[in-house]
Amino acid sequence: MVYQTIINHSNKQKMKNLTLFPLSSYRNKIYGLVVTIVSLLLSFVISVHGALPLIKTDANNQFNLFLGVAVFGLFVIAWSKEKIEDERVGLIRAKAMQLGFGITVGPLISISLCSSLVAIKGKEVMTFYGSDILLFPAFGLIIYLVVFYVGLLFDPSWVYNNDTVVVNIKKNKQFFIIYSICAIILFVLIFLFHKK
Amino acid sequence: MKNTIRVERAKLDITQGDLAEQIGVSKQTILSIEKGKFTPSTILALKMARYFKVKVEEIFELEPED
Numbered sequence: 006m007v008y009q010t011i012i013n014h015s016n017k018q019k020m021k022n023l024t025l026f027p028l029s030s031y032r033n034k035i036y037g038l039v040v041t042i043v044s045l046l047l048s049f050v051i052s053v054h055g056a057l058p059l060i061k062t063d064a065n066n067q068f069n070l071f072l073g074v075a076v077f078g079l080f081v082i083a084w085s086k087e088k089i090e091d092e093r094v095g096l097i098r099a100k101a102m103q104l105g106f107g108i109t110v111g112p113l114i115s116i117s118l119c120s121s122l123v124a125i126k127g128k129e130v131m132t133f134y135g136s137d138i139l140l141f142p143a144f145g146l147i148i149y150l151v152v153f154y155v156g157l158l159f160d161p162s163w164v165y166n167n168d169t170v171v172v173n174i175k176k177n178k179q180f181f182i183i184y185s186i187c188a189i190i191l192f193v194l195i196f197l198f199h200k201k
Numbered sequence: 015m016k017n018t019i020r021v022e023r024a025k026l027d028i029t030q031g032d033l034a035e036q037i038g039v040s041k042q043t044i045l046s047i048e049k050g051k052f053t054p055s056t057i058l059a060l061k062m063a064r065y066f067k068v069k070v071e072e073i074f075e076l077e078p079e080d
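The listed protein sequences correspond, in order, to chains A and B. Numbering-wise (my numbering), the first sequence opens with residue 6 and increments by one. Numbering-wise (my numbering), the second sequence opens with residue 15 and increments by one.
Rather than coming from a laboratory, the hints here were simulated on the basis of the structure. A virtual CB, placed ideally from N, CA and C, is assigned to each residue, including glycine. Hints may be right or wrong, so weigh each one.
If the Cβ cut is set under 7 Å, some of the chain B residues that face chain A in the computed set are [to be verified]:
| hint | residue |
| --- | --- |
| 1 | V39 |
| 2 | S40 |
| 3 | T43 |
| 4 | S46 |
| 5 | F52 |
| 6 | S55 |
Put together the whole structure using the sequences plus the hints.
This is the structure in structure tokens:
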């Protein structure tokens, strides 16, 4: 009956685009970039010259504070539109988000499983500080932003298909080399920052 | 899927940037479609066909592996 009504009414159905999620304006990306750069510079200054006199706390706390603000800046960049936000940009964004999510959630699951196993053995359970937890969103956001901008700006290295990772690496070696270099640089940077 | 966007552009003597501006996408998107790296949505395909004043099937063609 309903089907017949639709047929009688019109043989053309209205179609709507599927959108990922609402993004903030392009201008916010610039604000996010400024916040990230300024915060990273301040945290670098603190790590070299010690605590700033403006905030009454020790150098370690100040460093963690500005690192947190820098991660917030990255979050703002990640959630801002591009100048021309078309369907190709949406696809790259979705793929980058998929990878960023997977890489962030994977270690979190393995760490929580490991801590549970350690607890079963009767040993002390792992403890985390605020600055350690900050590493997870930071890592996810950096992976997301690297994959997104490599896909956006270095078009030949991006593969838009549903093939497996191994097939894509075989098809496009440039893809593999660029991502490997970026991943190594990221791991080194995060390790160095965490050591501070 | 293969396409004849480059040929259609040449007929009208327009650049990738011109076409991108006319249908509201980035120049990179047109480049990716022309290279066969990115398959556009139905909406984008229809917009292109309307701009070139041809049918969608005249621009886009399915290949045996599709």
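**Asked** Is the interface hint for V39(B) satisfied, with its Cβ closer than 7 Å to some Cβ of chain A?
**Response** 4 Å, holds
**Request:** Hold the hint about S46(B) up to the distance rule: shortest CB distance to chain A must be less than 7 Å.
**Result:** Nearest chain A Cβ about 6 Å off; hint holds.
**Item:** Satisfaction of the S55(B) interface hint, Cβ to chain A closer than 7 Å
**Value:** 5 Å, holds
**Item:** Hint status (Cβ of T43(B) to nearest Cβ of chain A, threshold 7 Å)
**Value:** Check passed: Cβ of T43(B) comes within 4 Å of chain A, closer than 7 Å.
**Prompt:** Regarding the hint that F52(B) lies at the interface with chain A, is the smallest CB-CB distance below 7 Å?
**Reply:** Hint on F52(B): holds, closest Cβ of chain A at ~5 Å, below 7 Å.
**Request:** May I ask you to test the interface hint for S40(B) with respect to chain A, counting a Cβ-Cβ separation under 7 Å as satisfied?
**Result:** Hint holds; S40(B) Cβ to chain A Cβ min 4 Å, cut 7 Å.
Every hint from the earlier list agrees with this structure, and none is contradicted.
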